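> For the protein sequence lines, the chains are P and A, in the order given.
Just so we're aligned, residue 264 is where the first sequence starts under this note's numbering, counting upward by one.
Just so we're aligned, residue 264 is where the second sequence starts under this note's numbering, counting upward by one.
In short, the hints are calculated from the structure, not lab data.
All figures in this text were calculated on a predicted structure; none of them were measured in a lab.
Warning: the hint list may mix true and false statements.
It does not matter which identical chain is used: a pair holds within one copy or between any two.
[To be verified] The calculated EDC-like cross-link candidates involving lysine to aspartate or glutamate, where the alpha carbons are at most 16 Å apart (straight line), are:
| no. | residue 1 | residue 2 |
| --- | --- | --- |
| 1 | K649 | D326 |
| 2 | K438 | E269 |
| 3 | K663 | D326 |
| 4 | K474 | D458 |
There are 2 protein chains.
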Amino acid sequence: MLDRLEILKELSVENRTKIVLLVMDGLGGLPGTGGQTELEAAFTPNLDALASRSELGLLEMVDTGVTPGSGPGHLGLFGYDPLRFQIGRGILEALGTGAHVQAGELCARGNLCTWGEKDLVLDRRAGRINTGSSAGIIGKLAERIKAIDGFGVRFYPGVEHRFAVVFSGEGLSDKVTDADPQVEGRPMIWSEPLDPSAERTSRLVNDLIRKVREVLSDEPKANGCLLRGISGAPDIPLMPDLYRFRPAAIATYPMYKGLARIVGMEVLPVGKTVEGLFQALGTNWAAFDFFYVHVKYADSRGEDGDFDAKREVIEKVDSLVPEVLELEPDVLVVTGDHSTPSVMASHSWHPSPFLLASPFVRSDGSPSFGERSCARGSLGIMPAYKLMGLMLAHARRLSKYGA
Amino acid sequence: MLDRLEILKELSVENRTKIVLLVMDGLGGLPGTGGQTELEAAFTPNLDALASRSELGLLEMVDTGVTPGSGPGHLGLFGYDPLRFQIGRGILEALGTGAHVQAGELCARGNLCTWGEKDLVLDRRAGRINTGSSAGIIGKLAERIKAIDGFGVRFYPGVEHRFAVVFSGEGLSDKVTDADPQVEGRPMIWSEPLDPSAERTSRLVNDLIRKVREVLSDEPKANGCLLRGISGAPDIPLMPDLYRFRPAAIATYPMYKGLARIVGMEVLPVGKTVEGLFQALGTNWAAFDFFYVHVKYADSRGEDGDFDAKREVIEKVDSLVPEVLELEPDVLVVTGDHSTPSVMASHSWHPSPFLLASPFVRSDGSPSFGERSCARGSLGIMPAYKLMGLMLAHARRLSKYGA
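Looking at chain P on its own, in the form it has when it is part of the complex (with noise of 0.2 Å):
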């Protein structure tokens, strides 16, 4: 039986057609007060006229009922099932502070914290230093110590005590268990291998402990660190392999770069903005074949419970869908990684409205973009990881199957 992932792999042409995936994360949402959506109430006119010549449906992210994170959601996305690519908490939080991995590397979420006498930890998160202090120090760390036993460091700071490592190297392993007391005012629990192939491994997070300790000597609070959620890069295949295209990432927030970067996407430089992203498109058309455009805000304003700020921003990417339409992709692409509707404040369940726009559409004719349109779409309820090969049809980027 032949994995759609093989399937697609095998079938992939290259041309010289280019498709836009446009991710207003979050987007999918449900009725507020006055019975339409965030998507619904918003006046979106270039959305509307692009759903009367598009083909709509409802992407189903992870499984029916399934509330997805946001990592699966967007594995989704690039075409990996989530049921069958899973990627760790302590990868994507690594992600989220920049950390850069790849595949064979190991990383690890890391807390600095106050060491008292002997190997008693007093405070595991250094009295939560603030994120400026915390920095410093993680710059310390990453100008002394760019290598143990061997194996490249690399740190990355985060938010307060927080910070991310990831190791390079040969031979690494994530069956270790943590190096966390997990209880203040106790003596460290020291890293341990799960498995035998694992013992260097251990060894490795235990002498990086003991290495920061040193460097950190005569810091008041925060003179020692505690590492977790050691994990490695997911064995996924990459993009440009299966898809046979070069894919570029434009997207803000350090998370979504870092996941781009994990399927083997190129992540373009761009500032903060909503229209620095639509610039970043059209700077960097010539170089790329597909590219994944990430709006964060619709799903934070949905987060906040905010309905006409995430109305807000679904009509602001409204405003900019002309400049996407300028650069006349052969396949355009809207939907969003997951639903965040503000009546609930939070990741849901519900399935994705999403409008595929091409030459070679069935155009549903319909007169707008919203979920109950999508639900009424000719593309009807689809697995989120089945977008990418139509994506790939419609930009003739697929061979036929069997003769």
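Got chain P sorted already, so can you dock chain A onto it with the hints?
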């Protein structure tokens, strides 16, 4: 986990109902300049009336975005998941010459060629010998060579230098290389086993080629042959065993007849006209339970890129639909094996519109039969291989699952 074919086999019961599966090859299309597809633009009063009392939907032949060849498209319609059951190009080309191939048999594509001194192959296509001369030579081979090394051998003439050979007997293996020098003016490269179990087969292939040289030694140009693409009939369960009915195929093109034979259908004699197909249906009505009727020309005209000619084929079929209805089939499905939009002049990934009429439908009341009306149909988008079970159900040929 029970597989769908296992379930159908377990639940299938015999009765006297009749099912007609009317396949217009490449039926699905895309909007032309008028905004309608070929099927939507066609004047089809009979199909429209049928649609209004049917359930409608779209069939996804292989997988989302995947463009099917004719082999996978048809396997899906016959109830086999085309990602699980694969039919090689070699066997399909052999079937296209009219070869009959059964499980356990091996077939090869042949070229008549011109041999020089010793093992030298001077012309791999025997000077593009014309089809008439070639048929005469293959006839001579068929008469003189009926067995080699204890295996049965059957010859089937094709177009120009092409022909097919089918080997029968115990212990054949497809794990052998081609017997073909690839380049002209070079010595023959003989077939070799890729596996110890295939030694007898590669010897058989080479012995047949030597025997052909003997028989054709007095031919001026076509004095030998090459054999390529040696492949077995797929190991596929037969329709009569799975579904407990007597299936018949009514088709004019050899490849579709061959495919039907591979899955256990009886192939009925029929002329070349569309009218002839429908006449054959009436003539053989009493003797079978399931009728697969295949109209090739919708695909052919679509491949030509001729919107109007494809529309006219559909209109022609529509005019003959009353002949099917007069027979009062218990279940009638009208669909395609894939889409062939004339604007693309090729097969495409777009799902295939279908209607299902039976006394047990929740009819959609659709005013017409077309891609967009089917997209709004109550059966939604459905994997094609699930259609067979649905037809069996409507024919009251499936018993209850579980108590």
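> At most 16 Å between CA atoms: does that hold for K474 and D458 within a copy, between copies, both, or neither?
neither (24 Å within a copy, 57 Å between copies)
> Measure nothing new, just compare the shortest in-copy and cross-copy C-alpha distances for K649 and D326 to 16 Å and report within, between, both or neither.
both (13 Å within a copy, 9 Å between copies)
> How would you classify K438 and E269 at a CA-CA limit of 16 Å: within, between, both, or neither?
neither (29 Å within a copy, 23 Å between copies)
> Measure nothing new, just compare the shortest in-copy and cross-copy C-alpha distances for K663 and D326 to 16 Å and report within, between, both or neither.
between (28 Å within a copy, 12 Å between copies)
Hints 2, 4 from the list above are not met by this structure, while the remaining hints are.
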